[in-house]
Amino acid sequence: MTDDTEQTPFASPVMAGDEIATLLSTLERNRRTFAWKCGNLDADGLRATTAASTMTLGGLLKHLALVEADWFAAKLCGEPLGPPWDGVDWDADPDWEWRTAADDRPEELYALWHAAVARSRALVAAALATGGADQPARFTWPDGRTPNLRRVLADMIEEYARHTGHADLLRESVDGLVGESPPRP
Amino acid sequence: MQARTPVIGSMLAGMTGSDPKTELHYYLTRARDALLWKTDGLSEYDVRRPLVPTGTNLLGLLKHVASVAAGYLGDCFGRPFGEPLPWLADDAEPNADMWATADESREEIVGLYRRAWAHADATIDAVPLDATGMVPWWRPEAREPTLHRVLVHMIAETERHAGHADIVRELIDGSAGIRADRSNLPDGDAAWWAAHRDRIEQAAKIAGAR
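If you read the sequences in order, they're chains Z and F. Numbering-wise, my numbering puts 16 at position 16 of the first sequence, and it's gapless, one number per residue. Numbering-wise, my numbering puts 142 at position 142 of the second sequence, and it's gapless, one number per residue.
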């Protein structure tokens, strides 16, 4: 997980760049922090719960992989979610990704999240080749609103940040690792 | 926090062609509302007590986020917040901004939280998105970010602390949810959740025994 830094388009958030660069670099920073908080754990670490919650670090990895596919592939680009999501009966099992993460091996969970992020990066790069932050997604909510790319990126930053807060305390309970940001390479 | 009807209204009007500042303000507002909501209905003890080994607690999260907001979206853009924040002073003990002393009332800290965000709102209104500020505690090459960059930072910062509050609150009384108006969780009762948790625990045990 820690090698993710090498793949990120921006080493750290740009400070006075354009809107898209700021949003993308902040999203990448949040992905990197999330990866660090979930990284280098064995199956027991990824399956551990706190005293009260059903949330696990493995479940977070699988959930964020789904959210990546949902926002960037499905909503932004109109593509199918793809495997393993397409075969799930979400009505019958709305918490499928959280529940089934306990059955997955660590390398499967890490690979799933990495692949989802790689796909998102490619889709965003393709979208930016033809439009900017105002470009509409392919998706429309039932009330008629259509999100634009700006909204998709802001939502993903929100999503990662909130879940990284969960990961902070889950990881602290697993092995005591704490801190705001991964060590600089 | 006060309801921000104009912001919500513009969101409902449509997303495409939206104003970047309005949109980021919307995300910031719902992050800080969620964090404050996590303290609702808790006793004086529960709102202060540490739930993890490093002492994370709800009132401390409010105190910290209020202080950070007053800095990033106040002093850093030439608009001093004006209230003393002694827990951030150079000679303050480590983490003094992350918990409430017995002498600090809940009303004082919630009041500080509301005033700091009101000050931040005034800064956001007054300063253009592409104006640069000064953040002395950032790396030297990064100390002059735009308001846009700082807004995005504060959304992430506040949401991350709201994530801490999610876990702390769940440890206190088992309640969970993303925002006051939408839980974003399956619609189960306590028995459903207890069974759901047992199911996950069983799956983990079976997988762990392999």
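Don't read these hints as lab results, they were simulated from the structure. Built from N, CA and C at the ideal position, the CB exists for glycine as well. Please note that the accuracy of each hint is not assured.
Partial selection, computed: residues in chain F whose CB lies under 8 Å from chain Z [unchecked claim]:
id, residue
1, Glu23
2, Ala31
3, Pro50
4, Val68
5, Ala100
6, Val152
7, Ile155
8, Ala156
9, His161
10, Ala162
11, His164
12, Ile167
13, Ala203
Consistency of the hints with the structure:
1. Glu23: Holds, about 6 Å.
2. Ala31: holds (7 Å)
3. Pro50: violated (12 Å)
4. Val68: Nearest chain Z Cβ about 12 Å off; hint violated.
5. Ala100: violated (19 Å)
6. Val152: With Cβ-Cβ at 5 Å, under 8 Å, it holds.
7. Ile155: This hint holds: F:Ile155 lies near chain Z, its Cβ roughly 6 Å from the closest one there, short of 8 Å.
8. Ala156: holds (4 Å)
9. His161: Nearest chain Z Cβ about 6 Å off; hint holds.
10. Ala162: Check passed: Cβ of F:Ala162 comes within 6 Å of chain Z, closer than 8 Å.
11. His164: holds (5 Å)
12. Ile167: holds (4 Å)
13. Ala203: Given a least distance of 4 Å, the restraint on F:Ala203 holds.
This entry does not satisfy hints 3, 4, 5, going by the numbered hints stated previously.
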